[in-house]
Amino acid sequence: MTPEARPRDLILEATGLSFTYPPSAKGPGQKALEGITLGVERGTIFGIIGPSRSGKSTFLRLINRLQEVTAPGQVEGSLRFEGKEIFDPGRDPYQLRREVGFCFDKPQALDLSIADNVTFGPRLAGVTSRGELDAIVEETLRAANLWDEVKDRLSLNANRLSGGQKQRLALARTLALRPKLLLLDEPCSALDPISTARIEEALVAMKHRTTCILVTNNTKQAARLADRTAFFLMAKLVEEGPTQQVFTNPVDDRTDDYISGRFG
Amino acid sequence: MTPETRQDNLRWNRLGQRLCLGMTMAVVAVLVAILAYLVWHGGDRLTIGFFLDFPKDLGREGGILPILVSTMVLAVLALAIAVPLGIGTAVYLTEYTREGWVTTVIRFGAECLAGIPSIIFGLFGFILFVVHLGLGWSILSGALTLACMVLPTIIRTSEEAIKAVPAVLRQVGFSLGATKSQVIWHIVLPQARRGIITGVILALGRVMGETACVIFTTGISMEMPTSPLDSARSMAVHFYLLAREGISMEMANTTALALVGMILLINTAAAVLVARRSSR
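Protein chains in written order, with the working numbering: chain A, 1 to 264; chain B, 1 to 280.
What the hints contain is simulated information worked out from the structure, not anything from laboratory work.
Keep in mind it's a predicted model, so treat the numbers as computed, not measured.
Don't be surprised by glycine CBs; every beta carbon is placed ideally from N, CA and C.
Some clues are possibly wrong.
[Said to hold, decoys possible] Computed spacing ranges between beta-carbons, pair by pair: (1) Arg91/A / Gln182/B: 13 to 21 Å; (2) Pro51/A / Arg98/B: 28 to 36 Å; (3) Asn9/B / Ala25/A: 40 to 48 Å.
Put together the whole structure using the sequences plus the hints.
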């Protein structure tokens, strides 16, 4: 049975999703997304590739409503997480962000100890039990492939870690809230190949528990990790399908051109 | 590039470096000269007893115990008033408002306030706190006046420190489910604390060394203060009176040395603390 034949359990569903940046003094708001329709299946890694300014990151930042924190623009269409509309006015964005984790492109450590970085989210959410927090630290640092390197110095300031370690710490910090969906915005763009490999191992190992949407500038990374891949270009979704097919037999010429490096 | 211009560039480089070095040395020399003068003229009287004895004969003999206590109470009280107000204002200006004419006016006002001579603040404090609000010549009047004086400094430095916190760290906070106030309290302020503390230390130095403000609002009583509503004398005022009234130049120098020494010590301790906390 091919994946297409069985009914898909979609954790995220976008239908005709458009986003326009707020107008500025320089002119009308720019359209960052236009009529995006796609679905992300639970328990998979969903890759999004495309050149810069194609709308990939904006798409991610709409899913956990981080976009409205920096530049609240105008959203049209529908975006549903586990069947419920994300932009429902009654929806609590803080709770949404606990269920939908986000990993930034550059490694960001809070000026706290390694352990306190990991437990930042749970502590804000009201977890106070020492034992529970310690368990979260070990569990998530193991999941992020960092435990063995830092287990003896959990009280060290996180800024003392290397860039690759910091990024895995950021991954652990996000996982500490046990998100159902994890958004990764070019998580390896600032990392060396070894650190990248460690992050990739971590993502593959946990995808059954935590669905991932991986935005990447590195098409090879999408080819390695993603079950399905979408290609964004100039605010539009050009093509979406099983990764194998998108990379070996794309429907659209522009996808082919981008993947084979003729532009990007 | 010809070898000649290369040579020229090198020569200019060296000249520039030496010029800057010379200027730095001049600055350091001024500090060293002041310290050396004070140590030379007041160092021999600076004993533990000087800090622990009551002044005798208008300050010609004895020590400065009540004056030391008054100075510290005054400084702590002034900062206890100014620091929360200043940080609160800085947070409001940076985190809660969009840049516009309101922030421009507030910032301009704060800047003007910073440029006003301290004796004007003294006069203002005398009229408002001492006379109008009936607080009399007291440590409280002095602390309130000093707080007004250093508020712009604290606002400005805190604002700069908060602005220097990378925007993406705030987003990290939001992405972990934090509310705006949680982001400010748990991410922005801890991250900015180094700059904020620097501003507070700067303010502490100014408060401890301030004379004009204090003499108008706190008075010159040499008694040990028993409440914030008592009149008192700060070390800077004590120094001023000893020197100005021709009471004792030697004791004036010793008081000055003690004051400068204390401020240097506080600055050093703060620098060490900040450095240790962030490199742990």
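Results of checking the hints against the structure:
no. : hint                           : in the structure
1   : Arg91/A / Gln182/B: 13 to 21 Å : 19 Å, holds
2   : Pro51/A / Arg98/B: 28 to 36 Å  : 32 Å, holds
3   : Asn9/B / Ala25/A: 40 to 48 Å   : 43 Å, holds
Hint compliance for this structure: no hint is broken.
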